[in-house]
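Novice: Chain B: place on chain A using the hints.
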Amino acid sequence: MSGLIAILKKNVRQYMMVLALVVAMVAFGLLTDGIFFRPVNLTNLVLQNSYVLILAVGMLLCTLTGNVDLSVGSVVCFIGALCGVMMVDLQWNPYVAMLIALLVGALVGMWQGFWIAFVNVPPFIATLAGMLVFRGLGQVIMKGQTKAPFPREFQLISSGYIPDPFGGLTIGKIHLHLFTLLIGFLIVVLIVFSEVQKRKKQKQYDFDLLPAGIWLAKVVFIATILVAFTVVFAIYKGFPNILILLGVLVIAYQFVASKTIQGRHIYALGGNRKAAELSGIKVKWVMFWIYTNMAVLAAVAAMVFTARLNSATPKAGQNFEMDAIAACYVGGSAVSGGIGTIIGAVVGGLFIGVLNNGMSIIGISTDWQQAIKGFVLLSAVAFDLYSKSRSSKIA
Amino acid sequence: MPNNSILLSMKHITKAFPGVKALDDVSLDVKERKIHALVGENGAGKSTLMKVLSGVYPHGTYDGDIFFEGKRCTFSSIRQSEQAGIVIIHQELALSPYLSIAENMFIGDERAKFNIINWDKTREEAMKYMERVGLHENPNLPVNRLGVGKQQMVEIAKALAKHAKLLILDEPTSALNEKDSAHLLEILKELRDKSNIASVLISHKLNEVAAVADSITILRDGKTIETLDVVRSKQGTVSISEERIIKGMVGREITEMFPKRNNPIGDILFEIKDWSVQNPDNPEQKKLDGVNINVRAGEVVGLAGLVGAGRTELAMSVFGRAYGEVITGKTLIEGLEVDISTIPKAIAQGVAYVPEDRKELGLVMIQNVKENTTIAKLKKIAKLSVINEHDENIVAEDFCKRLNTKTPTILQMAGNLSGGNQQKVVLSKWLFTDPRVLILDEPTRGIDVGAKHEIYTIINSLAAQGMACLLISSEMSEIIGMSDRIYVMSEGKITAELPSKIATQEEIMRNILNN
Chain A
1 MSGLIAILKK
11 NVRQYMMVLA
21 LVVAMVAFGL
31 LTDGIFFRPV
41 NLTNLVLQNS
51 YVLILAVGML
61 LCTLTGNVDL
71 SVGSVVCFIG
81 ALCGVMMVDL
91 QWNPYVAMLI
101 ALLVGALVGM
111 WQGFWIAFVN
121 VPPFIATLAG
131 MLVFRGLGQV
141 IMKGQTKAPF
151 PREFQLISSG
161 YIPDPFGGLT
171 IGKIHLHLFT
181 LLIGFLIVVL
191 IVFSEVQKRK
201 KQKQYDFDLL
211 PAGIWLAKVV
221 FIATILVAFT
231 VVFAIYKGFP
241 NILILLGVLV
251 IAYQFVASKT
261 IQGRHIYALG
271 GNRKAAELSG
281 IKVKWVMFWI
291 YTNMAVLAAV
301 AAMVFTARLN
311 SATPKAGQNF
321 EMDAIAACYV
331 GGSAVSGGIG
341 TIIGAVVGGL
351 FIGVLNNGMS
361 IIGISTDWQQ
371 AIKGFVLLSA
381 VAFDLYSKSR
391 SSKIA
Chain B
1 MPNNSILLSM
11 KHITKAFPGV
21 KALDDVSLDV
31 KERKIHALVG
41 ENGAGKSTLM
51 KVLSGVYPHG
61 TYDGDIFFEG
71 KRCTFSSIRQ
81 SEQAGIVIIH
91 QELALSPYLS
101 IAENMFIGDE
111 RAKFNIINWD
121 KTREEAMKYM
131 ERVGLHENPN
141 LPVNRLGVGK
151 QQMVEIAKAL
161 AKHAKLLILD
171 EPTSALNEKD
181 SAHLLEILKE
191 LRDKSNIASV
201 LISHKLNEVA
211 AVADSITILR
221 DGKTIETLDV
231 VRSKQGTVSI
241 SEERIIKGMV
251 GREITEMFPK
261 RNNPIGDILF
271 EIKDWSVQNP
281 DNPEQKKLDG
291 VNINVRAGEV
301 VGLAGLVGAG
311 RTELAMSVFG
321 RAYGEVITGK
331 TLIEGLEVDI
341 STIPKAIAQG
351 VAYVPEDRKE
361 LGLVMIQNVK
371 ENTTIAKLKK
381 IAKLSVINEH
391 DENIVAEDFC
401 KRLNTKTPTI
411 LQMAGNLSGG
421 NQQKVVLSKW
431 LFTDPRVLIL
441 DEPTRGIDVG
451 AKHEIYTIIN
461 SLAAQGMACL
471 LISSEMSEII
481 GMSDRIYVMS
491 EGKITAELPS
501 KIATQEEIMR
511 NILNN
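Protein chains in written order, with my numbering: chain A, 1 to 395; chain B, 1 to 515.
Bound conformation, chain A alone:
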């Protein structure tokens, strides 16, 4: 038992967040008489939060350097406006327009990255300027109007579901999306397999091992949750396209952050910029690419958001930057940089999303929701600092 407590203490932040997410979901499940867990609601939850989660993935890299990007909300508006002009006004091929939108996103990021990395403008200032500039430009492009409707192909990003080549399976009244089930089970198998591999390696190097029982419980827990969600989605219309996009992004960025040279450079830069520089890391270029990447992801989020609303509006993306930043810090990023994970940011974003969604169903007004989100952010970070100061005192 004491061993278990020691393990929990060591990874308290990680486990707390996942635990909080589970508790919140169960609580809302009970409070809403199960409405929360209905397939249609869970699908909605994903759709509602997808763009913030996409932004959080990029924002996490910014927070790793000890900074944030305040411009992403405005970039969402700007790129949305651009999409509106290309697809609604000019009737361009939506795929060409989407590619152009991504490229413009990259240019926007390079612009900001240039000032941050090579002119040494503090990111806070550079992106605050970007926040004003791109909101303004977005409104200029739209001339204050809303652009709609968008072509069908474009809307499918957010409103479509993956196809089912197997035609589905009907059991009584329930229709199951077979392809969704297949993908879900494949993912579970992959996760279990990689966990087993990881444990084998840890044993080999004599690292701190979770006791076998706890490890098994953890793996079973993850697998059960994933299977449960897969089934829920399969009962409704299958996985939404957006969930697949989100999944691919999260896995790809988690991989880059944890397994590649580039990822390691970002963490080292965030942990100690001077030491990183003296170790031969091109810190300026790292900063440049982080902010370029952020704007590209903002462009992706812009398309997802615009497609979901089926319109581009001058107010689009307002406060998105705050939601994304909050997701990172709730998800365990250190304000001083160098600490945080993509998965953590996603869990943080989901936690906020679950609170929003659950509170809406119960009927708590959006004003209160806003305030409650604020308290959650504050307590998450305060808890983080408290547990850190305590552990440093022990050491």
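If you're looking for bench data, these hints aren't it; they were derived computationally from the structure. Bear in mind that the values here come from a model prediction, so they are computed numbers and not experimental data. One or more hints might be untrue.
[To be verified] List of simulated lysine to aspartate or glutamate pairs, DMTMM-like, C-alpha gap at most 20 Å:
{"#": "1", "chain 1": "A", "residue 1": "Lys274", "chain 2": "B", "residue 2": "Glu360"}
{"#": "2", "chain 1": "A", "residue 1": "Lys259", "chain 2": "B", "residue 2": "Glu392"}
{"#": "3", "chain 1": "B", "residue 1": "Lys194", "chain 2": "B", "residue 2": "Glu32"}
{"#": "4", "chain 1": "A", "residue 1": "Lys203", "chain 2": "B", "residue 2": "Glu389"}
{"#": "5", "chain 1": "A", "residue 1": "Lys274", "chain 2": "B", "residue 2": "Asp281"}
{"#": "6", "chain 1": "A", "residue 1": "Lys259", "chain 2": "A", "residue 2": "Glu195"}
{"#": "7", "chain 1": "B", "residue 1": "Lys401", "chain 2": "B", "residue 2": "Glu389"}
{"#": "8", "chain 1": "A", "residue 1": "Lys200", "chain 2": "B", "residue 2": "Glu389"}
{"#": "9", "chain 1": "A", "residue 1": "Lys259", "chain 2": "B", "residue 2": "Glu397"}
{"#": "10", "chain 1": "A", "residue 1": "Lys200", "chain 2": "B", "residue 2": "Glu397"}
[Stated by the list, open to error] Selected chain A positions facing chain B (in silico; Cβ < 7 Å):
{"#": "11", "residue": "Ala217"}
{"#": "12", "residue": "Ile261"}
{"#": "13", "residue": "Ala268"}
{"#": "14", "residue": "Asn272"}
{"#": "15", "residue": "Lys274"}
{"#": "16", "residue": "Leu278"}
{"#": "17", "residue": "Gly280"}
{"#": "18", "residue": "Lys284"}
{"#": "19", "residue": "Gly338"}
[Said to hold, decoys possible] To give a feel for the contact side, a few chain A residues facing chain B, derived at Cβ under 8 Å:
{"#": "20", "residue": "Lys259"}
{"#": "21", "residue": "Thr260"}
{"#": "22", "residue": "Arg264"}
{"#": "23", "residue": "Gly271"}
{"#": "24", "residue": "Ala275"}
{"#": "25", "residue": "Ala276"}
{"#": "26", "residue": "Glu277"}
{"#": "27", "residue": "Ser279"}
{"#": "28", "residue": "Lys282"}
{"#": "29", "residue": "Trp285"}
{"#": "30", "residue": "Ile339"}
Cβ coordinates follow ideal geometry from the N, Cα and C atoms, glycine included.
Specialist: Here is chain B on its own, set in the frame of chain A:
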């Protein structure tokens, strides 16, 4: 009051930091109306002693007693020591650059009524104190428009405004030219004779010390060695010679601390030619001026000098131009000129630099041993940018074994290791880059004796493998014990080159001080 003439008495002060005893039973008596010099090598404990006195280290964090004007002092902050009349002027000036002379002088002690500053009174009083230190400037002038010498005068005037009875000056002349230094020393004498203000002068410049001090206390390795009273004849000759002070400063035995090394020394491997660097903080000053040094394969070359002589600046400007502006000169490896103008290029050419400050510059403290070990050359263990975790683990484990790094696992955070083990991780990081030239900047600073010995053994084995090692150290015994050859550096220039066989601490100190 037992003795009327004693102003300050520090008795049996002992101050320990984790792993190091910075002060060990140090006593110091400063008499009224005297200038008392405090001398010693870097790390001898001078600054620590003054921090104890001024309350930076509050009462209770050290052992021993302090009496000022006969009263026992228990300062817990600088404010309290200043109220008692002890004012410390630090090496780095503590002025706010964009505020005026007058504003700076009364920072924290504003001439105000009901929280509203009386500017007339502020300026008037500022003028009064400026007069006493011979500073004839407009009190409304921002201090960044003054030269360093005059800024130093503002500091002293500020101390007078606090009604200081004892001034403590930590290396006040290290950044000043000769004229300003002479002026400052003159002011100290005037304050002593006319205003009854005593001073404690910490200085490496022994000619100054001999010129103005009434007594000299020598510290060495955190202990008081001796206090010498200076008697001046009418012709101005002094009873204490600089030689005498140097002997007291360095008179330490070199024990079996330094393991023997018998490897053959090869050809010149690394050369720095005509290296000059402008001081980025002061474009008029050359931080390094025409430096020429070389290191042979299998050789350990020492670079001796005081803090601020430009040794670290030399190392960092050579290593990927990590320091300085307008750098001129050549770097050669095996006789061929090499481009090491960026850090990645330097690493690729086999040059490695173990920095002075391992916490700030050497390690990412929140990352683990493994990540710190491989960070400078991840390419070696990666394919298409993907790090091979298995290889990385093997590398990290291997270095821990080779350097005897004591860590529970390679996943331990670097910040949780002891100083000596942290230094071994920094060494691992640089050895992982397969260097031919290894520059070590104060590699044993702040680590305990056992770990020091291990680091020396590692350096020896690297030299034996044919590496060219350049060792920067402020510990004279370390330089002599470890080096085959020693360069002495002073104020940005190489002032001597000595084979270690004939080098003595006195000889090196003389070359440092008499340039």
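Novice: Now look at each hint and say whether the structure bears it out.
Specialist: Hint by hint, here is what the structure shows:
Taking the CA atoms of Lys274(A) and Glu360(B), the gap is about 7 Å. The hint holds against a cut of 20 Å. Between Lys259(A) and Glu392(B) the alpha-carbon distance is near 11 Å, which keeps this suggested pair within the 20 Å criterion. For the hint pairing Lys194(B) with Glu32(B), the CA-to-CA distance comes to about 13 Å; that is within 20 Å, so the pair holds. For the hint linking Lys203(A) to Glu389(B), the alpha-carbon distance of about 14 Å falls within 20 Å, and the restraint holds.
About 19 Å separates the Cα atoms of Lys274(A) and Asp281(B), which keeps this hinted pair within 20 Å; it holds. Between Lys259(A) and Glu195(A) the alpha-carbon distance is near 16 Å, which keeps this suggested pair within the 20 Å criterion. For the hint pairing Lys401(B) with Glu389(B), the CA-to-CA distance comes to about 18 Å; that is within 20 Å, so the pair holds. As the CA atoms of Lys200(A) and Glu389(B) are separated by approximately 13 Å, the hinted pair is consistent with the 20 Å bound.
Between Lys259(A) and Glu397(B), the direct Cα distance comes to roughly 19 Å. Compliance with the 20 Å bound is thereby established for this hinted pair. About 17 Å separates the Cα atoms of Lys200(A) and Glu397(B), which keeps this hinted pair within 20 Å; it holds. Using the Cβ-Cβ criterion of 7 Å, the hint placing Ala217(A) at the interface with chain B is not satisfied: the shortest such distance is roughly 22 Å. Among the interface hints, the one on Ile261(A) holds; its C-beta lies about 4 Å from the nearest C-beta in chain B, closer than the 7 Å criterion.
Taking 7 Å as the C-beta cut-off, the interface hint given for Ala268(A) holds, the closest approach to chain B being about 5 Å. Because the beta carbon of Asn272(A) sits about 4 Å from the nearest beta carbon in chain B, less than 7 Å, this interface hint is met. This hint holds: Lys274(A) has a C-beta 5 Å from the nearest C-beta of chain B, less than the 7 Å allowed. A least Cβ separation of about 6 Å between Leu278(A) and chain B falls short of the 7 Å threshold, and the interface hint therefore holds.
Evaluation of the Gly280(A) hint against chain B yields a held restraint, the C-beta minimum of about 5 Å falling below 7 Å. Among the interface hints, the one on Lys284(A) is violated; its C-beta lies about 11 Å from the nearest C-beta in chain B, farther than the 7 Å criterion. Because the closest C-beta pair between Gly338(A) and chain B is about 5 Å apart, less than 7 Å, the hint holds. Proximity of Lys259(A) to chain B holds as hinted, the smallest CB-CB distance being about 6 Å (cut-off 8 Å).
The interface hint given for Thr260(A) holds, since its Cβ lies 5 Å from the closest Cβ of chain B, which is under the 8 Å cut-off. Checking Arg264(A) against chain B: minimum C-beta separation of about 6 Å stays under 8 Å; hint holds. At a threshold of 8 Å, the smallest CB-CB gap from Gly271(A) to chain B is about 4 Å, leaving the interface hint in force. The criterion of a C-beta within 8 Å of any C-beta in chain B is met by Ala275(A), whose closest approach is roughly 5 Å, and the hint holds.
The interface hint given for Ala276(A) holds, since its Cβ lies 7 Å from the closest Cβ of chain B, which is under the 8 Å cut-off. Because the smallest distance between the Cβ of Glu277(A) and any Cβ of chain B comes to about 7 Å, under 8 Å, the interface hint for this residue holds. For Ser279(A), the interface hint holds, the least distance from its beta-carbon to any beta-carbon of chain B being 4 Å, beneath 8 Å. A cut of 8 Å between beta carbons decides the hint on Lys282(A): the least distance to chain B is about 7 Å, and the hint holds.
Against a cut-off of 8 Å between C-beta atoms, the interface hint on Trp285(A) is violated, since the closest Cβ of chain B lies about 11 Å away. At its closest, the beta carbon of Ile339(A) sits 6 Å from a beta carbon of chain B; the interface hint therefore holds under the 8 Å criterion.
The structure is inconsistent with the numbered hints 11, 18, 29, although it conforms to all the rest.
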